[in-house]
Amino acid sequence: GAGVSQSPRYKVAKRGQDVALRCDPISGHVSLFWYQQALGQGPEFLTYFQNEAQLDKSGLPSDRFFAERPEGSVSTLKIQRTQQEDSAVYLCASSSTGTPYEQYFGPGTRLTVT
Amino acid sequence: AQKVTQAQTEISVVEKEDVTLDCVYETRDTTYYLFWYKQPPSGELVFLIRRNSFDEQNEISGRYSWNFQKSTSSFNFTITASQVVDSAVYFCALSGTNSGGYQKVTFGTGTKLQVIP
Chain A
1 GAGVSQSPRY KVAKRGQDVA LRCDPISGHV SLFWYQQALG QGPEFLTYFQ NEAQLDKSGL
61 PSDRFFAERP EGSVSTLKIQ RTQQEDSAVY LCASSSTGTP YEQYFGPGTR LTVT
Chain B
1 AQKVTQAQTE ISVVEKEDVT LDCVYETRDT TYYLFWYKQP PSGELVFLIR RNSFDEQNEI
61 SGRYSWNFQK STSSFNFTIT ASQVVDSAVY FCALSGTNSG GYQKVTFGTG TKLQVIP
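Residue numbers (my numbering), protein chains in the order written: chain A, 1 to 114; chain B, 1 to 117.
Since the hints were made in silico from the structure, they are not lab data. Hints should not be assumed to be uniformly reliable.
Below, in silico cross-link-like pairs of lysine-lysine (DSSO-like), each with a Cα-Cα straight-line distance of 27 Å or less [said to hold, decoys possible]:
no., chain 1, residue 1, chain 2, residue 2
1, A, Lys78, B, Lys104
2, B, Lys112, B, Lys70
3, B, Lys104, A, Lys57
4, B, Lys112, A, Lys11
5, B, Lys70, B, Lys104
On a predicted model such as this, the values are computed, not experimentally measured, just so you know.
Can you build the whole structure from these sequences, using the hints too?
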């Protein structure tokens with residue numbers, strides 16, 4: 001595809017459910033970033049992959065959050081036992097180098113936990 | 001620690017007016033990058049500009065211009081002759097180099113611009 005795609009675009013989960021959010025980066029992009037954007041706020045860094053290696057997960061808010069990119073392309077962000085405070089838009093971005101130059105963002109997944 | 005402050009939460013202007021969005025940043029890195037992104041109602045962040053810390057030359061791109069002043073740690077964004085299509089949330093962002101050799105981006109809280117026809 002021409003850009004970064006994310007699915008689903010919208011997800012409603014009941015408190016306590018597990019969810020999985022998918023990111024398809026631009027083909028060939030080495031770097032992949034996940035961000036969390038709460039309502040009315042700027043995106044906040046969650047985690048970074050270079051190919052399949054997760055080099056930084058310092059932004060993950062709790063051990064309920066887990067991300068993977070097993071083959072260095074598609075990435076999945078998993079949230080276990082969702083809580084209301086997890087409600088946010090989750091953005092994925094990719095870039096062709098190890099730095100966020102010209103970082104390309106996907107449309108995001110809006111997660112609502114009820 | 002890095003910090004980006006966008007003091008203007010919301011701005012409303014009438015179409016064709018000029019508008020400046022303010023951005024002030026804090027970083028201890030000597031090498032860093034500054035960005036502006038646009039987030040229209042559709043939600044997707046659109047890259048507008050990147051500027052590195054060694055290049056203080058102002059830049060103009062059509063109706064958009066950016067004023068980088070290292071002395072005041074500011075990177076302001078001006079839209080000339082605003083149009084309704086400029087209505088969006090605009091984010092200023094900053095990245096530095098961490099020990100892992102890559103750059104983590106810190107975003108401001110955004111300024112919502114409404115251009116009234």
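Evaluation of the provided hints:
{"no.": "1", "hint": "Lys78/A / Lys104/B", "verdict": "holds (21 Å)"}
{"no.": "2", "hint": "Lys112/B / Lys70/B", "verdict": "holds (25 Å)"}
{"no.": "3", "hint": "Lys104/B / Lys57/A", "verdict": "holds (11 Å)"}
{"no.": "4", "hint": "Lys112/B / Lys11/A", "verdict": "holds (25 Å)"}
{"no.": "5", "hint": "Lys70/B / Lys104/B", "verdict": "holds (20 Å)"}
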